[in-house]
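A.B. asks: Listed below, chain by chain, are the residues.
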Amino acid sequence: MDMSPYRDLFVSESRNHLATFNELIVQIEGTLSDRPIIDEMFRHAHSLKGMAATMQFEAITTLAHRMEDLLGKVRSDEIAFCPALADLLLEASDLLSGMVTVIENGEGEQPDAAALIGRLESYTPDASAGAQSPDHPPAVEGPAVAAAESPNRRHQFRQSDSFKSVRIKTDTLDRLVNITGELLTTRHRLKVQARRHAGPALDEPLHQLSALLPRTA
Amino acid sequence: MSATVVIVDDAVFMRNILRAIIKDKGYTVVAEAASGIEAMRTLHDHNPDIVILDIILPDVNGLDLLDSILKVRPQTKVVICSSIGQEQIIKKALDHGAKAFIQKPFTPEKVLAALGSLEA
Chain A
0 MDMSPYRDLF
10 VSESRNHLAT
20 FNELIVQIEG
30 TLSDRPIIDE
40 MFRHAHSLKG
50 MAATMQFEAI
60 TTLAHRMEDL
70 LGKVRSDEIA
80 FCPALADLLL
90 EASDLLSGMV
100 TVIENGEGEQ
110 PDAAALIGRL
120 ESYTPDASAG
130 AQSPDHPPAV
140 EGPAVAAAES
150 PNRRHQFRQS
160 DSFKSVRIKT
170 DTLDRLVNIT
180 GELLTTRHRL
190 KVQARRHAGP
200 ALDEPLHQLS
210 ALLPRTA
Chain B
0 MSATVVIVDD
10 AVFMRNILRA
20 IIKDKGYTVV
30 AEAASGIEAM
40 RTLHDHNPDI
50 VILDIILPDV
60 NGLDLLDSIL
70 KVRPQTKVVI
80 CSSIGQEQII
90 KKALDHGAKA
100 FIQKPFTPEK
110 VLAALGSLEA
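Sequence lines, in order, name chains A and B.
For the first sequence, position 185 matches number 184 in numbering that gives the first Met the number 0, and the numbering has no gaps at all.
For the second sequence, position 119 matches number 118 in numbering that gives the first Met the number 0, and the numbering has no gaps at all.
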């Protein structure tokens with residue numbers, strides 16, 4: 000079967016899946032335990048895998064499959080969702096976007112996904128925490144921050160603030176959500192570049208960005 | 000008269016390919032649905048002979064939707080569409096009353112073979 004007539008549809012629908020996937024990661028970074036969001040992320044990875052397999056794009060299929068596998072483990076409570084996993088999935092989503100762009104352009108070399116596929120396959124929460132230490136230093140992941148981000152703390156904040164409401168146009172909110180998603184993706188790219196080129200000098204400001212971004216969601 | 004088909008899949012991409020494969024092969028795609036709610040609505044509106052049903056949908060578990068379809072339209076022949084690696088779900092679906100299954104990635108031959116098996 001000639002699949003070329005479906006290439007544009009594959010590109011546009013893949014982009015939609017990846018954009019929504021990134022937005023869902025932004026949403027879940029505030030809670031890390033929202034089952035419906037995990038289910039949605041799983042579905043987007045699953046759909047992307049199925050489409051890529053149908054188009055016979057093997058690297059995209061494998062990468063999406065590994066993302067689906069990890070999210071499947073979160074769904075079955077084998078592993079917990081955590082910032083390190085969010086970063087890894089965002090990195091995978093970013094790479095997938097690049098691969099889709101190569102397909103869209105119809106030229107250029109596909110980026111090598113083997114290393115990232117390997118990291119997804121070997122991911123364990125403990126090992127990843129060690130590997131991600133520049134981004135999530137122990138002082139930040141410790142009990143003090145955990146307490147500050149606990150559901151009780153958020154609930155208290157909302158109670159005390161319950162009478163301070165304003166009306167905002169929905170398109171303004173949409174724009175804010177979109178910008179937040181873009182910020183998150185940009186933060187991820189900065190982190191990757193910092194790891195490769197800048198050394199530890201950017202760790203602290205990037206960490207602050209990581210801590211602040213989930214609060215906007 | 001050709002058999003009528005409803006395709007239920009959240010991906011337009013998948014629905015388009017399935018439609019292209021089965022049209023002019025003795026099947027008429029009377030409607031498509033991207034969710035469980037849409038599927039039940041199209042079932043009510045079109046009463047198709049065959050439903051091709053993706054197992055992972057945004058609003059409902061595919062197995063639950065299969066049960067709902069067969070409850071209101073027990074004569075409907077449901078063909079489950081799932082990915083390789085989901086053999087357990089396929090087995091459950093067949094136990095729940097699905098008549099055949101298609102595994103992604105599929106070829107036109109496999110899709111038509113699954114639909115052809117319904118006539119036997």
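By construction, these hints were calculated from the structure, which means they are not laboratory data.
Treat the hints with care, since some could be wrong.
[Stated by the list, open to error] A short, non-exhaustive set of chain A residues, derived as facing chain B with CB atoms under 10 Å:
#1 Y5
#2 A52
#3 S121
[As the list claims (entries may be wrong)] Once the Cα atoms are required to be at most 25 Å apart in a straight line, the calculated DSS-like pairs of lysine-lysine come out as:
#4 B:K109 x A:K72
#5 B:K103 x B:K90
#6 B:K70 x B:K90
#7 B:K90 x A:K72
This structure is a prediction, so every number in the text was calculated from the model and none was measured.
From the three backbone atoms N, C-alpha and C, an ideal C-beta is built for every residue, glycine too.
A.B. asks: Hint by hint, say whether it matches the structure.
C.D. replies: Hint by hint, here is what the structure shows:
1. Y5: At 6 Å from the nearest chain B Cβ, Y5 (chain A) passes the 10 Å test, so the hint holds.
2. A52: 4 Å, holds
3. S121: 19 Å, violated
4. B:K109 x A:K72: Violated, because 30 Å separates the two Cα atoms, which is more than 25 Å.
5. B:K103 x B:K90: Holds, because 16 Å separates the two Cα atoms, which is no more than 25 Å.
6. B:K70 x B:K90: Between K70 (chain B) and K90 (chain B) the Cα gap is close to 19 Å, so the pair holds against 25 Å.
7. B:K90 x A:K72: 21 Å, holds
Violated hints, listed in ascending order, are 3, 4; each of the other numbered hints is respected by the structure.
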